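J.: Here's the letter readout for the chains.
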Amino acid sequence: MAELLNEAIKNQVREVFSQLEGPVQVLFFGQERDCEYCDDTRQLAEEVTALSDKLELKVYDLEGDAEIAQGYHVDKVPALVFAARDGEVIHDYGLRMAGIPAGHEFNSLIHDLILVSRRDSGLSQKTRDLLARLSKPVFLQVFVTPT
Amino acid sequence: MALESPLIQAEMVEAMEFPELSHHHSVSGVPQTTINDGAGAVVGAVPEDYLLAEILRAINAKY
Numbered sequence: 000m001a002e003l004l005n006e007a008i009k010n011q012v013r014e015v016f017s018q019l020e021g022p023v024q025v026l027f028f029g030q031e032r033d034c035e036y037c038d039d040t041r042q043l044a045e046e047v048t049a050l051s052d053k054l055e056l057k058v059y060d061l062e063g064d065a066e067i068a069q070g071y072h073v074d075k076v077p078a079l080v081f082a083a084r085d086g087e088v089i090h091d092y093g094l095r096m097a098g099i100p101a102g103h104e105f106n107s108l109i110h111d112l113i114l115v116s117r118r119d120s121g122l123s124q125k126t127r128d129l130l131a132r133l134s135k136p137v138f139l140q141v142f143v144t145p146t
Numbered sequence: 000m001a002l003e004s005p006l007i008q009a010e011m012v013e014a015m016e017f018p019e020l021s022h023h024h025s026v027s028g029v030p031q032t033t034i035n036d037g038a039g040a041v042v043g044a045v046p047e048d049y050l051l052a053e054i055l056r057a058i059n060a061k062y
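Respectively, the protein sequence lines represent chains A and B. For the record, in the first sequence the residue sitting at position 12 is 11 according to numbering that gives the first Met the number 0, with numbers rising by one throughout. For the record, in the second sequence the residue sitting at position 56 is 55 according to numbering that gives the first Met the number 0, with numbers rising by one throughout.
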């Protein structure tokens, strides 16, 4: 299959990836049937994670690896999970994407990888303080379109 | 925000690929953020204070 990212984009992403600090574990979940964008999303994840040795990709199947998917709260495909990795320990922040991060959402993909790599949300101190005091679970779903 | 609390999960959803879910949450404009399956919602790319206030409202938190 032809590459999704051309050399100019790869060079831009490599430049932005100079901001990466710690290792990031990217987890891809797909399935063989009824998934129009699984192949493209997997390929995109392969091409992006190949641009830095701080990024590692693992590929899973939603049904075949059902326990792992549940552990990361993945119930849709294609899905990408962005977790911090310290040695063999993976820290799941609960940050993931459902659907292909194409178009404008390619920026979100790169941005998420940098946030997780730096272990830093970039939020204000006031927001951080309030979030640290949460007492109930919060599930945010951000609906986007690629254009 | 998910980075700041183990209680927060954040999922970005490509609306066109998941039309039923988008319909369920009456997504009309993007980005739209839904909180706890509809307990709260914010349309547009809003400042973090605004989203935070809506989250706290949705979970009935008093600070």
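Everything labelled a hint here was simulated from the structure, so no lab data went into it. Since we're looking at a predicted model, the values are computed, not measured. In this text, a Cβ means the ideal position worked out from N, Cα and C, and glycines have one as well. Treat the hints with caution; some may be incorrect.
Residues on chain B that point at chain A, a partial pick, calculated with CB under 7 Å [said to hold, decoys possible]: (1) Met-0; (2) Ala-9; (3) Glu-13; (4) Glu-19; (5) His-22; (6) Thr-32; (7) Pro-46; (8) Glu-47.
Only pairs whose alpha carbons sit at most 25 Å apart, straight line, appear in this in silico SDA-like list of lysine to any residue [claimed, not checked]: (9) A/Lys-125 <-> A/Leu-114; (10) A/Lys-125 <-> B/Asp-48; (11) A/Lys-125 <-> B/Ile-34; (12) A/Lys-57 <-> B/Ala-9; (13) A/Lys-135 <-> B/Pro-18; (14) A/Lys-125 <-> B/Pro-18; (15) A/Lys-9 <-> A/Gly-63; (16) A/Lys-53 <-> A/Arg-32; (17) A/Lys-135 <-> B/Glu-3; (18) A/Lys-75 <-> B/Pro-18; (19) A/Lys-135 <-> B/Met-15; (20) A/Lys-135 <-> B/Leu-6; (21) A/Lys-125 <-> B/Tyr-49; (22) A/Lys-9 <-> A/Asp-52.
J.: Now tell me, hint by hint, if it's right for this structure.
T.: Each hint tested on the structure:
no.: 1; hint: Met-0; in the structure: holds (6 Å)
no.: 2; hint: Ala-9; in the structure: holds (5 Å)
no.: 3; hint: Glu-13; in the structure: holds (2 Å)
no.: 4; hint: Glu-19; in the structure: violated (11 Å)
no.: 5; hint: His-22; in the structure: violated (11 Å)
no.: 6; hint: Thr-32; in the structure: holds (5 Å)
no.: 7; hint: Pro-46; in the structure: violated (10 Å)
no.: 8; hint: Glu-47; in the structure: holds (5 Å)
no.: 9; hint: A/Lys-125 <-> A/Leu-114; in the structure: holds (18 Å)
no.: 10; hint: A/Lys-125 <-> B/Asp-48; in the structure: holds (9 Å)
no.: 11; hint: A/Lys-125 <-> B/Ile-34; in the structure: holds (20 Å)
no.: 12; hint: A/Lys-57 <-> B/Ala-9; in the structure: holds (20 Å)
no.: 13; hint: A/Lys-135 <-> B/Pro-18; in the structure: violated (28 Å)
no.: 14; hint: A/Lys-125 <-> B/Pro-18; in the structure: violated (36 Å)
no.: 15; hint: A/Lys-9 <-> A/Gly-63; in the structure: violated (32 Å)
no.: 16; hint: A/Lys-53 <-> A/Arg-32; in the structure: violated (31 Å)
no.: 17; hint: A/Lys-135 <-> B/Glu-3; in the structure: holds (14 Å)
no.: 18; hint: A/Lys-75 <-> B/Pro-18; in the structure: holds (12 Å)
no.: 19; hint: A/Lys-135 <-> B/Met-15; in the structure: violated (30 Å)
no.: 20; hint: A/Lys-135 <-> B/Leu-6; in the structure: holds (7 Å)
no.: 21; hint: A/Lys-125 <-> B/Tyr-49; in the structure: holds (13 Å)
no.: 22; hint: A/Lys-9 <-> A/Asp-52; in the structure: holds (14 Å)
Hints 4, 5, 7, 13, 14, 15, 16 and 19, counting from the list given before, are not met by this structure.
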